[in-house]
Amino acid sequence: NAGVTQTPKFRVLKTGQSMTLLCAQDMNHEYMYWYRQDPGMGLRLIHYSVGEGTTAKGEVPDGYNVSRLKKQNFLLGLESAAPSQTSVYFCASSSAPGRGTDTQYFGPGTRLTVL
Amino acid sequence: KNQVEQSPQSLIILEGKNCTLQCNYTVSPFSNLRWYKQDTGRGPVSLTIMTFSENTKSNGRYTATLDADTKQSSLHITASQLSDSASYICVVSGSWGKLQFGAGTQVVVTP
Chain A
1 NAGVTQTPKF RVLKTGQSMT LLCAQDMNHE YMYWYRQDPG MGLRLIHYSV
51 GEGTTAKGEV PDGYNVSRLK KQNFLLGLES AAPSQTSVYF CASSSAPGRG
101 TDTQYFGPGT RLTVL
Chain B
1001 KNQVEQSPQS LIILEGKNCT LQCNYTVSPF SNLRWYKQDT GRGPVSLTIM
1051 TFSENTKSNG RYTATLDADT KQSSLHITAS QLSDSASYIC VVSGSWGKLQ
1101 FGAGTQVVVT P
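Chains A and B, in that order, give the protein sequences. Using this note's numbering, the first residue of the first sequence is number 1, and each one after it goes up by one. Using this note's numbering, the first residue of the second sequence is number 1001, and each one after it goes up by one.
For reference, chain A alone in the conformation it holds in the complex (with noise of 0.2 Å):
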């Protein structure tokens, strides 16, 4: 069982190119989260998932584009890398949404760097 994995876990990349993360989660979670963290802040949520071929805008979307064609992986594109989209990004999966006592589970990381 692994959990949440992310892949690549560095990138580095120049502005104007394009790039997918790929998040898997082998929990059978229906949920899943993309985020992003910069240093001084807290994690920003960018898009989300409720359930396989479901995506949802959060809180910081604009670049960012999302698939969920299977349960277990949710797709985070960037299609023209900016300097500002340098950040460390974090994929989270969850059974439900965080009521109760439920919890987001986090992948490892994927720290970006765009040039």
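By construction, these hints were calculated from the structure, which means they are not laboratory data. Note that CB positions come from ideal geometry on N, CA and C, so glycine has one too.
Pulled a few chain A residues facing chain B out of the computed Cβ check, cut under 8 Å:
1. G42
2. L43
3. T103
4. G107
The calculated DSSO-like cross-link candidates involving lysine-lysine, where the alpha carbons are at most 27 Å apart (straight line), are:
5. K57(A) to K71(A)
6. K1098(B) to K1071(B)
7. K1017(B) to K1057(B)
8. K1098(B) to K71(A)
9. K9(A) to K57(A)
10. K70(A) to K1098(B)
11. K1098(B) to K57(A)
12. K9(A) to K70(A)
13. K57(A) to K70(A)
Far from chain A, some chain B residues (derived; all Cβ distances over 10 Å):
14. K1017
15. N1024
16. P1111
Keeping the supplied structure of chain A fixed, place chain B upon it in accordance with the hints.
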């Protein structure tokens, strides 16, 4: 303005000593409050979750308290160990489960 404020921003503590981290929030309506531990280079890991009716919750040497009336929470670390060096993040869940994250308190435990 962030609806979840944590203090201090960072602290250094000697191994074996206790420390307390603070979290103030303005999120409303309130569903639950969580504390996460994030080791350097890793994703956050849940320590405790408290709902509106709970005042305290422990997980080993970690004890979280919640005062929903004053919208304050604290995380107390007892007999700190080197492995406690990490960032501790307060997360408040509001309506429909939307999470608001604090910026975290960086704790460094020195020998």
